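Colleague: Sequence:
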Amino acid sequence: MTKFRTRKFPAALDPYPSRARRSHTIDQVRGESGSVYICGRLVKLDRSGNDCFGLLEDESGSIVFAIREWAQKTSKDLVPLIEPGDFLQIQGDIVQEDIMVSDLKILAASFQGPPPGCKKLQDVIRLRTQAIRSIRKFFEQKNFLEIIPPMLVPYPNLEIHQIPFRTSYESSAKQNTALYLPSSPEYYLKRVLGSGVEKIFSITHSFRNGEYTALHHPEYIIIEWYRAYASYLEIMADTEELVVQLNQEINGSSRCHFRGHEIDLTPPWERLTMAEAFEHYTGIKPQHWEDTATLSKALRRKPVMDHDKTLEWEDVFLAVFLEQVEPNLGRGKPLLLMDYPEPLAALSKTKKGPAAVAERVELYMAGIELANGYTELNDPEEQKGRFQHDWTRKKELEGIEYPIDVDFLTWMRHGFPPAGGIALGLERLLMILTDQQNVHALIPFPLLNL
45 MTKFRTRKFP AALDPYPSRA RRSHTIDQVR GESGSVYICG RLVKLDRSGN
95 DCFGLLEDES GSIVFAIREW AQKTSKDLVP LIEPGDFLQI QGDIVQEDIM
145 VSDLKILAAS FQGPPPGCKK LQDVIRLRTQ AIRSIRKFFE QKNFLEIIPP
195 MLVPYPNLEI HQIPFRTSYE SSAKQNTALY LPSSPEYYLK RVLGSGVEKI
245 FSITHSFRNG EYTALHHPEY IIIEWYRAYA SYLEIMADTE ELVVQLNQEI
295 NGSSRCHFRG HEIDLTPPWE RLTMAEAFEH YTGIKPQHWE DTATLSKALR
345 RKPVMDHDKT LEWEDVFLAV FLEQVEPNLG RGKPLLLMDY PEPLAALSKT
395 KKGPAAVAER VELYMAGIEL ANGYTELNDP EEQKGRFQHD WTRKKELEGI
445 EYPIDVDFLT WMRHGFPPAG GIALGLERLL MILTDQQNVH ALIPFPLLNL
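Using the numbering used here, the letters of the sequence shown correspond one by one to residues 45 to 494.
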């Protein structure tokens, strides 16, 4: 961090005036003639000679300015007082590509110079703004309605291996009500779907406790959308179209590069069932999936569990998948992995027929999962049973009895149309499209040192 510097100003000089005058941005003064007013941050300063030179920067660009010996006395008097980091107002004439200062004003004094990482922060903000605008335009052109879901909710999502953030509301009667930060807006978006709105999307903050890795940040952005009277097939088509459009917007191409490898996003993308992918990379056929011993033999590293917790089939299956299958998916071209075993159905419908698989899909690029979607479960009794299973499992693993979202079940009992939906992680997607090493590089103010 830049060392704090002591500065003294004449009593008549206000180093933090409440007004600024600006006629042009720096980018706009190119080719101008006559007197202009510009504002920006002083990033470089050279006052070693009779004339003073500096570099002023605003959001649009930078420009060299000169304060000559013949400049107004008020400007020359300020030369010893200004420092890099200060915000300045400059009046002057454009000469070629520079500005000759006739008047100078300090708008905000800096005591530690320009903050580190300004350019990186600006780039992240611009990229996220560009991406979100493009995504919003995509859905608006398809007549989706945007939903802003609540950030404080009375019921947590019950994903088994996710720890919710907990807080509380204290009423005037000093009574505390437990509240949670949602890991997904899913339950509230589905309420809207059940109300009769048929195409909805949300770009919203979501939260997961206890996860901080190159691919995980406790707070992140989810792009989530639903179509009534659709299935995961239509949702896969949406996903393909959206990601292709966003990559074209960012990279101007149908390709991107990530960690030294090219990814071709040209449709159609590869689609594999979980059975096909699992057998290809592990050699284990679906008829042997139920044999936990067979699955365990395929593991090079055993799943880590507390000594008093039991391993369920899902734990072993996922451990094999994460170790031997997932790293290979979406190499060279995005891949949609579909039709999961019934125990991994989450909130998806299961297919009718002899093969008990769920209509669940995940998007993979470069071995990284980016999105998770379903043909949505709309049977309230089946949903209640899955909630109860997850509640029991979370109690076993965490020792906490989380409340079940009974209000959501009530909404489902009123009737919920057949639908498809998906959640896509913004930071992970941008990480790949812009070739960053982790998701934290795409978050303006990431939590550090966790």
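Take these hints with a grain of salt, some might be off.
The calculated SDA-like cross-link candidates involving lysine to any residue, where the alpha carbons are at most 25 Å apart (straight line), are [claimed, not checked]:
#, residue 1, residue 2
1, 181, 166
2, 243, 164
3, 377, 387
4, 88, 160
5, 181, 274
6, 341, 356
7, 341, 377
8, 164, 154
9, 439, 359
10, 181, 341
11, 377, 249
12, 88, 164
13, 243, 102
14, 428, 458
15, 181, 431
16, 439, 123
17, 377, 298
18, 186, 296
19, 163, 183
20, 439, 203
Label-pair restraints from in silico Cβ distances [stated by the list, open to error]:
#, residue 1, residue 2, range
21, 139, 190, 21 to 29 Å
22, 169, 262, 16 to 24 Å
23, 63, 303, 48 to 56 Å
Just so you know, the hints here were simulated from the structure itself, not pulled from any lab data.
Note that this is a predicted model, so its numbers are computed, not measured.
Heads up, the beta-carbon is just placed ideally off N, CA and C, and yes, glycines get one too.
Colleague: A separate judgement is required for each hint: does it hold in the structure or not?
Modeller: To see whether the hints hold, each was checked on the structure:
1. 181 / 166: Holds: residue 181 and residue 166 sit about 22 Å apart, inside 25 Å.
2. 243 / 164: Status violated; Cα separation ~36 Å.
3. 377 / 387: It is violated: about 28 Å lies between the C-alpha atoms, which goes past 25 Å.
4. 88 / 160: holds, 14 Å
5. 181 / 274: holds, 21 Å
6. 341 / 356: holds, 15 Å
7. 341 / 377: violated, 30 Å
8. 164 / 154: Since the Cα atoms of residue 164 and residue 154 sit roughly 20 Å apart, the hinted pair holds (cutoff 25 Å).
9. 439 / 359: Cα-Cα ~16 Å, so holds.
10. 181 / 341: Roughly 49 Å separates the two Cα atoms, so the pair is violated.
11. 377 / 249: violated, 28 Å
12. 88 / 164: holds, 18 Å
13. 243 / 102: Status violated; Cα separation ~41 Å.
14. 428 / 458: holds, 14 Å
15. 181 / 431: Since the Cα atoms of residue 181 and residue 431 sit roughly 35 Å apart, the hinted pair is violated (cutoff 25 Å).
16. 439 / 123: With Cα atoms ~67 Å apart, residue 439 and residue 123 exceed 25 Å; violated.
17. 377 / 298: Status holds; Cα separation ~11 Å.
18. 186 / 296: holds, 22 Å
19. 163 / 183: violated, 31 Å
20. 439 / 203: holds, 12 Å
21. 139 / 190: 21 to 29 Å: Violated, at about 49 Å.
22. 169 / 262: 16 to 24 Å: holds, 20 Å
23. 63 / 303: 48 to 56 Å: holds, 50 Å
Comparing the model with each earlier hint shows violations of hints 2, 3, 7, 10, 11, 13, 15, 16, 19 and 21; every other hint is respected.
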